[in-house]
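So the sequences go chain by chain: P and H. Okay, so the first sequence: first residue is 1448 according to my numbering, each after it adds one. Okay, so the second sequence: first residue is 7 according to my numbering, each after it adds one.
Any given hint might turn out to be false.
[Claimed, not checked] Among the chain P residues that face chain H by a calculated CB cut under 8 angstroms, a handful are: (1) 1505; (2) 1508; (3) 1560; (4) 1592; (5) 1595; (6) 1602; (7) 1606; (8) 1626; (9) 1627; (10) 1632; (11) 1691; (12) 1752.
I should point out that these hints are in silico values taken from the structure, not numbers from a laboratory. C-beta atoms are modelled at their ideal positions from N, C-alpha and C, and glycine is treated no differently.
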Amino acid sequence: MKKYILSFLFAIAVFPAVGQERFVFTPQWTAQAQFAGYYVAQEKGFYKEAGIDVAIVHPSVTQSAMARIRKGESHATTLQLCQALEIVDGGIPLVNILQTSMNNGMVIVSRWGKNPLTQKGERVGVWSAGFGQLARCMSLKDNLNYEWIPFSTNVTLFVTGAIDATLGMSYNEYYQIVQAGFPLTDKEVYRFCDHGYNVQEDGVYMTWDYYNNHKEQAKRFAEASRRGWEWAAKHREETLEIVMKYVKKDHIATNRVLQKLMLEETLRLQVDRESGKREFRLRPDMVKKATDLMVEYGMIRGTVPYEKLIDAVK
Amino acid sequence: MKKPISYIQSSLSTRLSLLIVIFSAAILVASLGFMFNVSSQAIRQEAISRATQSLESTALRVQGILDHVKVATDNTDWLITRHLDGPDSMFVYSSRILENNPDLNGCSIAFEPDFFKEKGRWFSAYSLNDHGTIKTTQEGNPYYEYFYMDWYQLCKLLDRPVWTEPFTDYNPEGIYSPEMITSYCKPIKDRDGNFIGTISVDLSLNWLSQTISAVKPYPNSYSIMIGRGGTYFVHPDTNKLFYQTIFTETLEHEDTALVSLGHAMQNGEEGMKQLKIDGEKCYVFYKPLGETGWSTAIVCPESDIFGSFNRMKISIMLAVGAGLLLLLLASIRIITRELKPLKLLASQAETIASGNFEKALPDSNRSDEIGQLSHSFKDMQHSLITYIDELKMTTAQKASIENELKVASDIQMSMLPRIFPAFPNRKDIDLYACMTPAKEVGGDLYDFFVQDERLYFCIGDVSGKGIPASLFMAVTRNLFRIVAQQGHSPAEIAQQINTILSHENDQNMFVTMFIGCADLRTGHLDYCNCGHNAPLLDNLFMDVKNTNFPLGVLEGASFVGESIDDIRDRQLLLYTDGLNEAENPQKKLFGEKRVIDTLNGAQNMDSKAIILMLQDAVERHRDGAVPNDDLTLLCLKVNKV
């Protein structure tokens, strides 16, 4: 009898995931190195070791990450801070369970060798899926009055000359443009982080409802994900292999070179400028800066305090 | 390294052969280089022509099909504008395009958000040719906001019809079809010219991919096609299709040539570039595809274009190399054989040179230069033998003459008083003399003797040099002795000697003389100067008033004597022109001034010391030069006792 009891206890200790509900995590974009840490945590078994059964499900053309969250098909997603503020302001309370980005990676790239700050009233591409809140604030604040042209997924409008400039991420669209044969110089690239708009980006969010019922699960997911990112920073080649596995599985039109550059840049943006460390925390000052800007320029109706995004008692 | 070089230097045949081969190689290399260059240009031109033709025909074919799509679209869009009041008619038009053009894949007639109020935000009449069955539907919805799609926005923003970048079709089941599609998109405008929507006609590009891939002018050549953003839409490496651009690899490894090609293709240029692709030298011929903004290129490895030419080049080079080697060996052998008699001749000439003049030279029947050399050698050998014999004889004769001359010299010198002091028992006579002939025997003379307390002395210089002069000198000296001993005055002595010498003087020889006779008791000096240099008395040239003729010149000539009252304690120096006319290597004369300078301060020196001092001064002046004349000096001082 004693033998059976010991076996049972051992089974509980080693396989705590047994019987647990599956945790579905949906990054906000298709498979790419921007989400390397989560792929690593999955592939290296960090989630399993944390006792959670995680499924990484990417959004599709017909179903965005937030749509999945709303429907309850996914339990957590990555969002840029400004996006999260917009969603919270829109009435869906979200909690940040892990902050990965410590810097802003958004850029404006000019098509004609111009300084984007001189392109007053010109056509500037913006993601139709969102992410452009900070740029809209900047356009108003600096009185540039850009004509925003939403684009879906790639840089074709920019390459063909249909628009004069485009928003992009320093780890993604920036390299896509370079890859399309545009030898970019500092003059043609406006980096938000260097002009007083250094607002954090990617973090992992879930609804407060789900969080309140699954605190332990959320905590374990955040810790294992952080472990995944830390491992990725130390094992970049191996991480790139893992990323490419996910990319190939989803037939993403990218390549190893782009993903390598994306991984390097994503990891660079995770290092806090002031402390020089990967802090994995949402900075109250950045939340305040973002909300103040967004309120001032009408992106959101009211201030979203830092405490609304963070579980202070965890 | 030194050994082969010294071998080449010592072997004429090897050296000549090498020179021939080097010269031949230079001519061959220059000729072949020119030929290869011309051939290479021709092959290159041929490649350009072939590739250009292939590209032209591809471009034409593509243009034909694309034009067909444009016409199909143009035939419909006026209907759309005319029937904007009936949105449902758009379904009819979109399906009719496909019915009329079965090779088209799909057609969207899409409008701006909320354009038809009754249809809501989205209205896009989309027809699809599904394996011959045309299905029509409204494709816009919250999840597919078509107005953000490239196909919709491009023609709107650019305000002209455009071809979209090729894309792979996507179906809602999440399965990616390998089919490559492009859309011809044209803006729809209302009567006022305002943009209201886009008509987009889809065309499968699988045929294009196959057409371009089939262009293969060389066995290992391949074709590529890139879009405006440099993305590969046709490439033999399927991993690159849609996923990579022509610039992707240059992000990691700088490749300016590839970047330059990419930019040229993106800019719609047509041309050819040489660059390395995957480490292989390639020629890339490129051309834009109509108005699409795409560009196609044929990549031809250089080894393909120049493959057979390079093989032929290597074969020719090898054949030329082997030919040159054979030429070298043959040249060495032929030249060695041709030069063999010369070698034999050289060896025998060496034997002759070592003294064996009788060594027989080989007979040669050749009439060429070597034959002539052999004959010349034989002639030279004969001449040499004759010359050596004559030389032996001459040498023997010369030795005999030299011996005789030595004897003659001894005899001549023995005729002159050579024992000094000449009068050891007389304190009143300090006399010293010497004669140094320029050759074995000389033509100068001196003599002296005491008779009846008178000192007779003379110095003379016979015209000419050598044996005739020495014989004339011997005669003169004997005549002086014989005549003077008869107690005559110097003028009478001169008179008599002249008479004898000038008689039958066929050789016209003569002698200049200074004859003196000093009374040792009174110091009175009588003298007669017969054309001789004036002596020095107390280091001053004597003022000789009657120079007279030299002896032997004029038979019956009269001679006038002179006298000095007392020459006791005075220094008298007689000399021949071997003193004042002694030459140094620069032919500069010793000179009378230097004679006086040398004697300056020598008043208290005895005769011997004065003579030795003068000899030494002359020797130093000559500075190694061969004596140009006999040198005779006589110094006399009659002391008061």
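> Going by Cβ atoms only, is residue 1595 of chain P closer than 8 angstroms to chain H?
Replying inline: At 11 angstroms from the nearest chain H Cβ, residue 1595 of chain P fails the 8 angstroms test, so the hint is violated.
> Taking the least C-beta to C-beta distance, is residue 1602 of chain P closer than 8 angstroms to chain H?
Replying inline: 7 angstroms, holds
> Do the numbers back the hint for residue 1752 of chain P, that is, is its least Cβ distance to chain H under 8 angstroms?
Replying inline: 31 angstroms, violated
> Quick one, is the residue 1505 of chain P hint okay against chain H at 8 angstroms, beta carbons?
Replying inline: 10 angstroms, violated
> Would the stated hint for residue 1508 of chain P survive a check requiring a Cβ distance to chain H of less than 8 angstroms?
Replying inline: 7 angstroms, holds
> At a threshold of 8 angstroms, is the proposed contact between residue 1632 of chain P and chain H supported by beta-carbon distances?
Replying inline: 15 angstroms, violated
>> Please check whether residue 1606 of chain P passes as an interface residue: C-beta within 8 angstroms of a C-beta belonging to chain H.
In response: 4 angstroms, holds
> Can residue 1560 of chain P be said to touch chain H, with a Cβ gap under 8 angstroms?
Replying inline: Since chain H brings no Cβ nearer than about 14 angstroms to residue 1560 of chain P, farther than 8 angstroms, the hint is violated.
>> For the restraint on residue 1626 of chain P, tell me whether the closest CB of chain H is nearer than 8 angstroms.
In response: 5 angstroms, holds
> Once the shortest beta carbon distance from residue 1627 of chain P to chain H is found, is it less than 8 angstroms?
Replying inline: 4 angstroms, holds
>> Interface hint check: residue 1592 of chain P, Cβ to nearest Cβ on chain H, cutoff 8 angstroms. Holds or violated?
In response: 18 angstroms, violated
> Is the interface hint for residue 1691 of chain P satisfied, with its Cβ closer than 8 angstroms to some Cβ of chain H?
Replying inline: Violated - the Cβ of residue 1691 of chain P stays beyond 8 angstroms from chain H, reaching only about 11 angstroms at its closest.
In this structure, the earlier hints numbered 1, 3, 4, 5, 10, 11 and 12 are contradicted, and the remaining ones agree with it.
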